[in-house]
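Numbering (the UniProt record's numbering), first residue to last: 1 to 348.
Any given hint could turn out to be false.
[Stated by the list, open to error] Distance condition first, Cα-Cα at most 30 Å in a straight line; then the derived DSSO-like pairs of lysine-lysine:
#1 Lys38 to Lys287
#2 Lys208 to Lys236
#3 Lys287 to Lys329
#4 Lys188 to Lys235
#5 Lys287 to Lys313
#6 Lys110 to Lys24
#7 Lys38 to Lys119
#8 Lys208 to Lys157
#9 Lys188 to Lys213
#10 Lys230 to Lys24
#11 Lys242 to Lys188
#12 Lys230 to Lys192
#13 Lys307 to Lys258
#14 Lys308 to Lys88
#15 Lys230 to Lys242
[What the hints assert, rightly or not] So the derived label-pair ranges between C-beta atoms look like this:
#16 Asp228 to Ser102: 27 to 35 Å
#17 Lys213 to Ala332: 27 to 35 Å
#18 Thr318 to Gln105: 48 to 56 Å
#19 Glu337 to Glu274: 22 to 30 Å
#20 Glu16 to Glu274: 40 to 48 Å
#21 Asn292 to Gln105: 43 to 51 Å
#22 Asn231 to Ala113: 24 to 32 Å
Simulated from the structure, these hints should not be mistaken for laboratory data. All C-beta atoms in this analysis are idealised placements derived from N, C-alpha and C, irrespective of residue type, glycine included.
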Amino acid sequence: MSDHALTTVVSGFYSELNEKLNFKTRVNSQDLPERINKLIEKLSEETMKRYYGSGIVVPENIKGARILDIGCGSGSLVFILANLVGPKGYVVGIDVCPSQISIAQQESDKQAAAWGYDKPNFEFHVANAERLLDLGFEPFDVIVSNGVFCLIPDKEKAFKATGDLLKPGGQFYINDVYTDREQPEELKSNEKLWSLGTTGSMVWSDLKDIAVKNGFTVPYLTQAAPVDIKNEEYKKLLNNAKYTCAAWRLFKLPPGAKRGPATVTYLGTIEDYEETFPWDVDLMFMKGQPVNVDAELATILAFTTFKKNFDIKDYNGTVTTKRNQDPFKRMADLANEGRAPEPIYSVE
Numbered sequence: 001m002s003d004h005a006l007t008t009v010v011s012g013f014y015s016e017l018n019e020k021l022n023f024k025t026r027v028n029s030q031d032l033p034e035r036i037n038k039l040i041e042k043l044s045e046e047t048m049k050r051y052y053g054s055g056i057v058v059p060e061n062i063k064g065a066r067i068l069d070i071g072c073g074s075g076s077l078v079f080i081l082a083n084l085v086g087p088k089g090y091v092v093g094i095d096v097c098p099s100q101i102s103i104a105q106q107e108s109d110k111q112a113a114a115w116g117y118d119k120p121n122f123e124f125h126v127a128n129a130e131r132l133l134d135l136g137f138e139p140f141d142v143i144v145s146n147g148v149f150c151l152i153p154d155k156e157k158a159f160k161a162t163g164d165l166l167k168p169g170g171q172f173y174i175n176d177v178y179t180d181r182e183q184p185e186e187l188k189s190n191e192k193l194w195s196l197g198t199t200g201s202m203v204w205s206d207l208k209d210i211a212v213k214n215g216f217t218v219p220y221l222t223q224a225a226p227v228d229i230k231n232e233e234y235k236k237l238l239n240n241a242k243y244t245c246a247a248w249r250l251f252k253l254p255p256g257a258k259r260g261p262a263t264v265t266y267l268g269t270i271e272d273y274e275e276t277f278p279w280d281v282d283l284m285f286m287k288g289q290p291v292n293v294d295a296e297l298a299t300i301l302a303f304t305t306f307k308k309n310f311d312i313k314d315y316n317g318t319v320t321t322k323r324n325q326d327p328f329k330r331m332a333d334l335a336n337e338g339r340a341p342e343p344i345y346s347v348e
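Can you make the complete structure from the sequences, with help from the hints?
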């Protein structure tokens, strides 16, 4: 089966960027623990000068895990995760752009040596996210993606394949570009705007529907930062739409997993988060401090790897936990607090 015309456009666009090196996105270092930022500093120059992500996301509890990175680019997140999973874990990166995969493979031995490994505990493949199942992979413990679904023409197909490849109890941690309004269909033929993640981005509120339809929980927003549309002509074409790079936790619960509301107490056992653990933009767990959560979050904590990090007891009261938060409201709230995040990238 041949690729969609827009997929071919994206591959060519980023292949050209790899040569010209005239575009780069900002690493969301303010959202990451110090240990992760130090790992980023150890990534090769060849990898990082071709970093085009919307925001690095690092799942917790991944020692020994098998992880898939959808749209791995030149390998930055794969290399970080390869360090964190340890020698008994394994990371697979796929990307539709052959030149990006070539760079990642070129840097593999060097990066494995930097982590103290005799051989890489990761691999890279040129592949289309819409056809993940064609690769014959066994299901993964965790799947991540960083700035890719906005470039995929058939998002429904890609989400279904992602769900099929995630083990029950697994987490899908996605950072991607979202918009605040529907984009005119005719704009999707603008190759530059599509390739820069604008006209192919989902309206943020649609993520919940496509996620739940394909077997995931309702998303939890963990971070958000703007995309800056600087080009005035593009602003008019896009009807002054706003864009954000937003990260979300989604889970695939085991069949039959269900429980009621709970009082949960964080045990302080997640590395980098020994005293406080930010679940999302609204909920911060404090070590030893009980928190009442609704049935949906209690079920996630009880039936995923997080069950070892919390003491969970039944709660008979009524409680509603926030989820599916508006990333544009989040950015506005941060701005009002004097903490407005810098744009992840600009469209000029």
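Each hint tested on the structure:
Straight-line distance between C-alpha atoms of Lys38 and Lys287 comes to about 25 Å, which keeps the hinted pair within the 30 Å bound. Annotation: proposed proximity of Lys208 to Lys236 holds, straight-line Cα distance about 28 Å (limit 30 Å). For the suggested pair Lys287 and Lys329, the alpha carbons sit about 28 Å apart, so the restraint of at most 30 Å is met. For the hint linking Lys188 to Lys235, the alpha-carbon distance of about 15 Å falls within 30 Å, and the restraint holds.
Of the supplied pair hints, the one linking Lys287 and Lys313 holds, its CA atoms being roughly 16 Å apart against a limit of 30 Å. About 22 Å separates the Cα atoms of Lys110 and Lys24, which keeps this hinted pair within 30 Å; it holds. For the proposed pair Lys38 and Lys119, the alpha carbon gap of about 22 Å is at most 30 Å, so the pair holds. In summary, the hint linking Lys208 to Lys157 is supported, as the alpha carbons are separated by about 15 Å, within the 30 Å threshold.
Note on Lys188 and Lys213: the hinted pairing holds, with a Cα-Cα distance of about 25 Å set against a maximum of 30 Å. Annotation: proposed proximity of Lys230 to Lys24 holds, straight-line Cα distance about 15 Å (limit 30 Å). With a C-alpha separation of about 16 Å, the suggested pair Lys242 and Lys188 falls inside the 30 Å cut-off, and the hint holds. Pair hint Lys230 plus Lys192 holds up; C-alpha atoms about 14 Å apart against a cutoff of 30 Å.
Restraint check: the Cα-Cα separation between Lys307 and Lys258 comes to about 14 Å, which is no more than 30 Å; the hinted pair holds. At roughly 20 Å between alpha-carbon atoms, Lys308 and Lys88 fall within 30 Å of each other, so this suggested pair holds. At roughly 12 Å between alpha-carbon atoms, Lys230 and Lys242 fall within 30 Å of each other, so this suggested pair holds. Between Asp228 and Ser102 the beta carbon distance is about 30 Å. The supplied range of 27 to 35 Å therefore holds.
Look at Lys213 against Ala332: about 29 Å separates their beta carbons, and that is inside 27 to 35 Å. Thr318 and Gln105 have their C-beta atoms about 54 Å apart, which keeps the hinted 48 to 56 Å range intact. Here the CB-CB span from Glu337 to Glu274 is close to 26 Å, well matched to the stated 22 to 30 Å. Glu16 and Glu274 have their C-beta atoms about 45 Å apart, which keeps the hinted 40 to 48 Å range intact.
Evaluation of the 43 to 51 Å hint for Asn292 and Gln105 yields a pass: the beta carbon distance comes to about 49 Å. Between Asn231 and Ala113 the CB atoms are about 42 Å apart, so this pair departs from the stated range of 24 to 32 Å.
Going through the hint list in order, the structure does not satisfy hint 22, though it satisfies all others.
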